[in-house]
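Visitor: Take these sequences, add in the hints, and give me the full structure.
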Amino acid sequence: MGRMKFLCDAERCIECNGCVTACKNEHEVPWGVNRRRVVTMNDGVPGERSISVACMHCSDAPCMAVCPTDCFYKTEDGVVLHDKDKCIGCGYCFFACPFGAPQFPNGPAAFGARGKMDKCTFCAGGPEETGSAAEYEKYGSNRLAQGKLPLCAEMCSTKALIAGDADVVANIFRERVLRRGGGAEVWGWDAAYGGGERKQERKQERKREGQS
Amino acid sequence: MSTRILNPRALAVLAVTALLGLSACSEVPQVTVYEQGQYRGKTDTRPWEGGEFKGDRAAWEKALKERARGQNEYNRIQ
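Those protein sequence lines, which keep their order, are chains F and R. Just so you know, the first sequence maps onto residues 1 to 212 in my numbering. Just so you know, the second sequence maps onto residues 213 to 290 in my numbering.
If you're looking for bench data, these hints aren't it; they were derived computationally from the structure. One should not assume that every hint holds.
[To be verified] Below, a list of computed lysine-lysine pairs in the DSS-like style, where the Cα atoms sit at most 25 angstroms apart:
no., chain 1, residue 1, chain 2, residue 2
1, R, K254, F, K84
2, R, K274, F, K159
3, F, K148, R, K254
Guide: Rendered as structure tokens:
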């Protein structure tokens, strides 16, 4: 097994926020914390793009590097997790993370009043007994131990968000991009679900007809 | 012409002041040496160890890979 990764296809994400809701519900995430968020660029303009963002489980995670209590660890599958019992709520990881993944239940409060840091666990629980009530209460459900993938990706209706072993995820996306065909002029449904190659064929046919 | 000699007490105060003042000019190495931290929290079990797979790593990997491949809808329609 290689490394667990998320990949969000901006061509397919329709900003339904289903992933956000699924995550919230599955882990009973504390009020004020969103382990996953959907970011939209050029909202309302034709060609707008949305992307679902959570912890990217970095190979060289900055949150791990800055933690003064060394409460972060990386599993064999490349999932970045942390021990909430060791967290002192200093907020260093919050400032270090470029994706805004670590969040605090009490928001931007003073040091010591923020509460324990909470972040996406790739549905892998935390350093408590697998499937125990303590694990669920602190980190949420452990779907990975059940042989399942993160719920946000599994329930994504357009399959914009895919998760799993980096090799498998990359292969799925590669095939998708190849089927899209076309180029920059293809967007919307054609770009997301293919059909670009048919458009190209039609274009070439028209060209040929024009020449003859 | 008369020469005025400072009294020894004032001379001592002057010397100490000069010494303290000049001590600020000394150079102390200020480069921090970063050390790689070691995880200090509780140990975690691996996903295939607890729960339904009971240590069968191969079965866990197979289940997860199948699940990941299922995300490719082109596989489903062929």
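Visitor: Out of the numbered hints, which ones does the structure contradict?
Guide: Checked against the structure, no hint fails, so every one of them is satisfied.
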